[in-house]
Structure formats: C-alpha cells, structure tokens
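Visitor: Using the sequences and the accompanying hints, generate a full structural model.
Residues per chain are reported as follows:
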Amino acid sequence: MNLSSLYVTESSALNRTKGSLLIAKSIPGIKLGEIVDVCLASGEVKRGQAIDISKEATVVQVFGGVSEVDLMRSRIRCRGEALRLAVSESILGRVFNGMGEPIDGGPQVIPEDYLDVNGEAINPAGRQPPAEFIETGISAIDGLNALVRGQKLPIFSGSGLPHNQIAAQIIRQASVKGKQSQFAVVFAAIGVSYDDAAFFMKNMEQTGARERTIAFINTASDPVIERISTPRLALTAGEYLAWRKGMHVLVILTDMTNYCEALRELSAMREEIPSRRGYPGYMYTDLATMYERAGRILGKDGSVTILPILTMPDDDITHPIPDLTGYITEGQIVLSRELERKGAYPPIDVFLSLSRMMKEGIGADKTREDHNNVFMQLYAAYAEGCNLREISTIIGAEALGERDKIYLEIADRFEREFISQGVNERRTVEETLDIGWNLFSALPEEDLKLINQKLIKKYLPKYREKV
Amino acid sequence: MGKIWRVSGPVIIGEDMKGSQVYEIVEIGSKGLVGEIIGLDEDKAIIQAHEDTQSLEVGETVRGTGAILTAELGPGIVGAIYDGLQKSLTVLMEKGSFIERGAKVFSLPRDKKWSFTPTVKVGDVVNQGDIIGTVPETSLIVHKIMVPVGVKGVVKEIAKGEYTIEEPVARISDNGKVSEVIMLQKWPVRKPRPYKQRLAPSQMLITGTRIMDYMFPLALGGKAAIPGGFGTGKTVALQQLARWSQTQLNIYVGCGERGNEMADVLYSFRRLKDPATGSSLQDKEIFIANTSNMPVVAREASIFVGITIAEYFRDMGYDVLLVCDSTSRWAEAMREIGGRLEEIPGEEGFPAYLGSRLAAFYERAGLVECAGNPQRQGSVTVVGAVSPPGADFSEPVTQNTLRIIDVFYALDVTLANKRHFPAINWLTSYSLYVEDVKDWWAKVSSEWDATRATALRLLQKEAELEEIVRLVGPEALPETDKLVMVVTRMMREDFLMQSAYNEIDTYCTPQKGQLMMGTIVKFYELAQRMLDAGATVADVRSSPIVAKISRMKDIANDDIVPRIKGLWSEMEMNLVVQKGEVR
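Chains A and B, in that order, are what the protein sequence lines are. Start counting at 1 in the first sequence, then tack on 31, and there's your number in my numbering. Start counting at 1 in the second sequence, then tack on 92, and there's your number in my numbering.
I should point out that these hints are in silico values taken from the structure, not numbers from a laboratory. Fair warning: there could be bad hints in the mix.
[Stated by the list, open to error] Capping the alpha-carbon separation at 20 Å, the derived lysine to aspartate or glutamate pairs in EDC-like fashion look like this: (1) B:187 <-> A:151; (2) B:123 <-> A:147; (3) A:86 <-> B:434; (4) B:196 <-> B:186.
[Unchecked claim] Take a look, some chain A residues computed to stay more than 10 Å from chain B by CB distance: (5) 68; (6) 294; (7) 369; (8) 483.
Ideal placement from N, C-alpha and C gives every residue a C-beta, glycine not left out.
Guide: Rendered as structure tokens:
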C-alpha cells in the first residue's frame, strides 16, 4: 500500500451502519472505489471502500466488519486512491495478506510502481491466441485435456477430493518443452483453512520453488471482505511479472467457492436483488473480470495462465459457482468421487473434463503428431467401455459378446494405467501417449478407426518392435 | 453542463441536466467517459455508463452531446474490429495493448480515399434510399452509397473519382434546398432503418452445417436461437455460421464472451477462404468484440450497433447474417442496470421488460424490399446464442427468446459429453421454415422432403428403442428394430456429426447432404429387403458398404456426385449378392 500519500479529507459525520456498511454524510472529493481508513476511537484503523457516493451520502464497505465502529467518535479518512499493489521484482518469494501487506516478517516492498488491482481489459484485437503446450506431467491432463499458456482452466472439485495435491503437482512439474524461459507462480489462498495454505507453502519450499513464487494468503479466519481483493492482488502481481518482466506466470486461485460465498455475503449486505441461489446477478461479470486477465499479448513475451480451484457444493456441476465459471473459462478439469473411491489418483473425470485450447496446443511441432488421434481413440474406447459397464450391471457381464468384453477390460485398464499415476510421478507427453498405444494393443486393429493408418504402423507396439 | 450527483456501479445520476433527452449520449468527468441517459427526473438525469466508473467523484462534469447513440456507416467498415460502442479496436491498439477508459477514436478512417463511381447523372430525380454510386470496398463487397433518409430532389452535381468519406460526392436540390451527400452516414442504433415492405422468407440460408441445412433449415431473413450449457459448442457453432454461411456479409458480435476465443476468431478469419469465391473471409466480415471483462452496459450497445450495421448492408440489397454470442450476457447487463435503478424485478431478478427488449432486437431481422431505386431485396438473418444457467432451458432468457424465434437449435449436454458435435439435439430442435424452403430444396433434389421425414421418423424410433435396450439389452430386440439401430447410428455418426476442424467436412453443400442422407436411407431399404429374404442384421453390419458410408464425409463437395453414384451401384450389387447367398 502507498502509505506516503497525503490524506485529503476527514469526515466524522457518520449516520448509520448496516451489516459491514458504514453510511456517512457526503464526503467531498471521495472517488468511487476509493480505499479509505476508518479510524476508531481506540486508535485502531480499519480499511474500507467507497461503493456508492452521492451528494447525500457516502457508503463505505468496511473491511473486517464494523465491530467497534461508533457513530460519534469514529472518523473516515480519505486517501484519494483505489486499492493498489506496490510492485517490484523483489515481490518474488514474498508472502502477503489479502490487502497486499507482507506477512512473512520481511521488509516492506520498495515499490517500482503502484498498480490498480482491478487491472485493465486487454484489447481483444491485441491478444495472441494461446498455443504453447504446458507439460504438467499428468497423463489425464496432458493427454486428454492439454493446458496451454495463456489459458484459464479451472479444477472443479468436491470437498475431500485431492485438488490441492493435483494443483501442487502441477506447480512442481509444469514446464514448456524445449524452452528456457522465466517462470513464476502466483498463489492466492482465498478463505482456505490454515492447513491448506500451509500445505502449499511447504510444498513450494520443498521443491525449491519458493523464490519464484508469490503468495497472497487469506485464511478462513481472515476478514471476508479481503477474499474479494486477494485474487485481484494475485492477478495484479501476475500481470506485472508477465507484461512488464516477460515472465510466464501461473496463477493458482484456491478456493474460488469461498470467493463467491464472500461475494454473496457482501451483496446481501448491500441489499441487492439476488439472482440464482442468492448469488448476485453480476457474478458472471465479476468472475470474468478476473479470469479474463489470463492470456497472451501480441508483441509481448510473457503470459498469464490461470488455474482456479473450486469445490462444487454437493458435487453439483449445475450449481451457479461451477456453472458461471464454466461459461467463462476455457474448459474445466472435473474430479470424480467415483474414481477417487476406486483409488485412482488423480481422479479426473474424462467425460466432464474439457480443454478448449487443446487443439491449438498439440500436434507435430508441439507435442507429437499422433496426439490428437490417440486422444480421440482413447476417449472413444473408454466411452464404449463405460457404456458397456453400465449395460453389464443390468444384464450381467456374461451376456456380453467377446468384443464387448475386451472394451470392458480396456475401460478398467485405462483407469488403472493411464489415469492413475503417482503424486510425484512426472510423465513426459511421449510416455503418456505410449501408455495409450499399449492399451490399443489389446484392441482389434480394425477398431482403431480414429487413427491414421500411417500412425498405427509407426506407433502401435507390435509394429514398433519390428523396426 | 451538469454535474455528478451520485455514482453507484455503472449507474450515475447527474444534476443540472435540464434540457437533456432520453438516450442522449453524455461525456462524464475529466476522461470523458461515455454514458447514455436512460431516465429524467426534473433536473436530474439517470445515466448508464458504458465505461468503468471507478474513481469518479461527486461534482465532476456531465456534458450532454445532444446526440443519441449512433453507428457510423460508410466505406471502411467491412473487416473492421469494433468494441461495443463501435470504437475501432485496431486503432485503439496504437495506444497500447490494454483498453484505456475514455479513449476516443473514429469508427471509420477519415483520411482514406475511396474510388466513387456514380450510378446516377445530373438531372436525375432521387429519393431516400436510392443508390447514387458505388465504391469497391473489399474483394467481396461493393459498397453502395445511398441517398440518406430524409433527402430527396434533383441531382445537381455528382462526383467521380477518389474521395474521403467526409467529402461531398453529390449535391441534391429539393426546390432550392440543397443537400450535400457524403459517404459517411450516421444512424441511431436503437431505431430500425426504414424499408419498403417486409417479405415472407422463401430462400434458404446455406450454412454448410448438415443438421442445420438438412434437418432444420434457416431461411434468409429468419431468426434462430442456439441455447446450450457450457461446453456444448455454442461458440463453435456460431463461428461455423459466421465462417461458411452463404450470405454476402457476416457480422460477428461477441457480447460478454471470452477474449481468447475472440482472438481465435480474428486470427482464423484472416486465414480462411470463402468457399464460394476463394477470397479471404475477412473481406465479408465485421467483428464487434465486447468481451466479458469489458464494461457491462456496452453489451447492449454492441448488439444494437451490430444490427444497425446489418440493416445498412441489407438496404444495399445484400443478404446479411448477424450472429450474437451471447444474448444471455446482454440480458444480465439489463438485470444489473435494473437492479441498480431499484426496478421491481420479474423472473430471476431480470427486468419485466426482458421479453420486449429481446423481441425488439430479433424483430429487426427479416427479408425486405429495400427503400429506393433500383428495386432490390435484402435480408438480415439473426442467430443468437443463449447461455442458460445449469443448461436449464426453463430459465427466463431462453423462454423469452423461444417466443420470438422461428428456428431453435437445442444444444445438448449429453451429446456434448459424448463428443457428438455439433451437439444439436435432433429430437427437440425445430424449424418453422421447412414449408417455406420446400420449393428451394426441390430444385436441389425432389427427394429432400421425403428423405428428411424418414430420417426424423427413424431417429425418433431409435429414442424409443434405446429405452427398451436399457432394460433388456441390445440382443433382445427383433431383427427389424436392430436394423433401425444400425441405420440411425449411421445417421448420427456419419451424417449428423460434423467436424468443424476437418478441412473437407467443415463445409457441406446441400447437395452433398442430400446425397449422404439419401445413401443411408437407400441402405436401409436394401437392408430391409435382405432381412425379408432371411438375412440377419449381423450380415448387414458386416458388409463392407458400412465402412464406405462412414467415409462419405471425407469426399470433397465437388467429387460427391460420381462417388456416391459409384457407392450406390456397389451397394445394390453387394447387398443383393449377399442376399443371394442367404438360403
């Protein structure tokens, strides 16, 4: 925060409180969205934001709630600026809270600049379509739902599912083939438990990723209002590194469900007309203004890739939070409780997961020439196997024909061999595709309709051994 | 000149605003943010800001412009990329990669000279809408310069040669009152442009997508909606329409959608070629990109700017397609403004006027006889995507849209999860233009009507059979029903499924579509005969013809007639010979 700026106005004409809102008489010179200090009689200073200003009244949302605010002796001090983040290259390796203040015991950041946390919209004509494959080392992602630089790809999870482990594994393993480039991770913990936040921090320390990571931590016990600013601070830091320093930045936001809950809480306090399930009607736009900060820009080196994590309430993908997210993001990685119960890690649901940017990121020069064909054939074979699995639960596996039994077996093997892997196992994309080819060996060759004949001759194990 | 009295999100209340009019454009604050007056209350004006209002202060200036929101129309518009307020995003790029608030740029280049060829001569009497000259704008579009609305009289002077859009190209005298005509015209976006009369749709709009053209045809001047949950392929379907539709000009409005997707559209349209002419697709496209992180209020503007440009080209006598992705985002913008104004909401918080606003937009589609001479017809076809929350079509935006539109392409989550694309459900989708385009189709093939009906009947039958299969397994079906399942699977996989990414399959002519479906139905008839002669479905399925039918998609549009002819004779040989083998 910019602490040196001069306070322009003070007002002690406070009228009333409503939830976390403080309503004061009109304050001359206050700007919409401005961050103000609410000075309590005890000398404590809270932060607040002007959310509605007029000649009659100023409405301030007080961060951390209005407890101990009294209307007689408290005052509002205006500093004349929106919430900004002090940035410089020294923010790498630091830990901040949801207001952008260091909480790692280190010194204040000596700023190179102050950036508005809301950012600016990238000109659509100035965007470069994302196309660089990121190898995460996880087969179910690399093989079937490839992630590319500049994409926003959320993990839709449920409580108790290993989304944190998967995110940590991606942070540890993510790399771009054959490229030496500056890579940074910005991590935002939004309303998560202390343990979850500690898990990520420890994980980064262990892998030596600490000095290329920035963390913004808002735990469950921190003020709710700061859940709104935490992801924005993280994205602002990410954009700074990407667009000014040319770095490739991966922004992890967890748990966006807590963010949306906070948004609903604040909206209710403002007495706004609710949309579905009490969430505000502008939640789509609000989420979009954050997720749309992902991308690549023509003529600039860096990139911002966003990996939000959210837990679907009651595993319901049609709940407004995953639903609106899915409309904004470029696909989704959905975790399955059923696979988790079968002991598969990572339990990624292949049917519900999707990466919209995949086709741009894979192929001969990017991953391997057979990637798309292998993907299609694996998907089709697994779908057929799962379909038969369903039928066999009714009519019994014995009633199935020989060919059908092969597919039933393939579906099981696919889950065991392709999807499942170790928490520390890093598979190259070639290894991932070769597992696919091993599975194809069990299928009648004429069933490999979705694969180009030339590729079959080149990659199918029985031909490969002869070469 | 007024002052800001209150700011709350995108809504601003200005005071000292006497003399303003509703829908007048105002410039707010030192940056001159664009806003639009949506209500007046004595000396106060309620303003919706088309740009982000962060950091505005009470007491900053509000300057009325006296003008309402207009679109700039004239040469230089084709191939342009605009934001929701018709600011040129390519020109804005010169100011940086991010969009600066309050930045002012012209929609059309002012200094570029265009070659004007007159089509009238001195002494001719002209009226509004008459074409007085032409300008070759791109390789595909000849821009026709029309007499502006409200101008008529005798041509006193007419130019020929190179002019900018602000230089006069004609002088028209009406009883001594002389009007100068320039190529630049402005039109208020909320007001439909005039025409002579509306005509009933009768021509097909060829989209190149089989399930649309063949099963649920869209007519020129029609209106269609594509609702679907996320991941069902709305955007790809709209992109396919904007790419391959055999209309003369396509307008792509990205309203509150993804930036990367828009970048992909812009990038791919530069490289793709129009199948009919071989020219770059960019020469017949106009893009309006108001992505989801751009100001909410401008979503409404983006839709009206789009339809106004569409009408302008319709008036020249062109067939124009406007696709909008997504109308739900516009509805959400209305909801946000309505909420800020503390209006009493209708369903799910949407304003009560949601239906009438949607209708006002869709009703601007149509086939018309254009105003003015020479006599000509033009059309605007509108296709809007709808993004229903939770893919639940009972929500207000989908339902209000269904009341207005004539073609409904229902995208299905289950199909999408099976990777059946385009995921348009053939059981719930419909088109009200089937009768209107019958004559058109009759010229392609006399069989269309009957074949299409057979296909729909079999697909309906399949849905019923699937219920049974779920209970008793596929083996328990009688042979005739098993055959239906084999044939409908062909229809689904070898006809309805169409890859947007396969170079050949991405665009399918109506003729190819007819031959493909005709082949499948022919196969069904022959196979039925085989069953009658005692063969089993397993015999039918093992025929090499099955694999050949599955490869029909890969046949180029130009080769289709001889290749399908070959397939038919092979089919008759093969399926009959087999029949002979059966005792």
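Visitor: Confirm or reject each hint.
Guide: Do the hints match the structure? See the list:
no. : hint            : result
1   : B:187 <-> A:151 : 13 Å, holds
2   : B:123 <-> A:147 : 17 Å, holds
3   : A:86 <-> B:434  : 19 Å, holds
4   : B:196 <-> B:186 : 12 Å, holds
5   : 68              : 18 Å, holds
6   : 294             : 14 Å, holds
7   : 369             : 15 Å, holds
8   : 483             : 12 Å, holds
Violation of the numbered hints given earlier is absent; every hint is satisfied by the structure.
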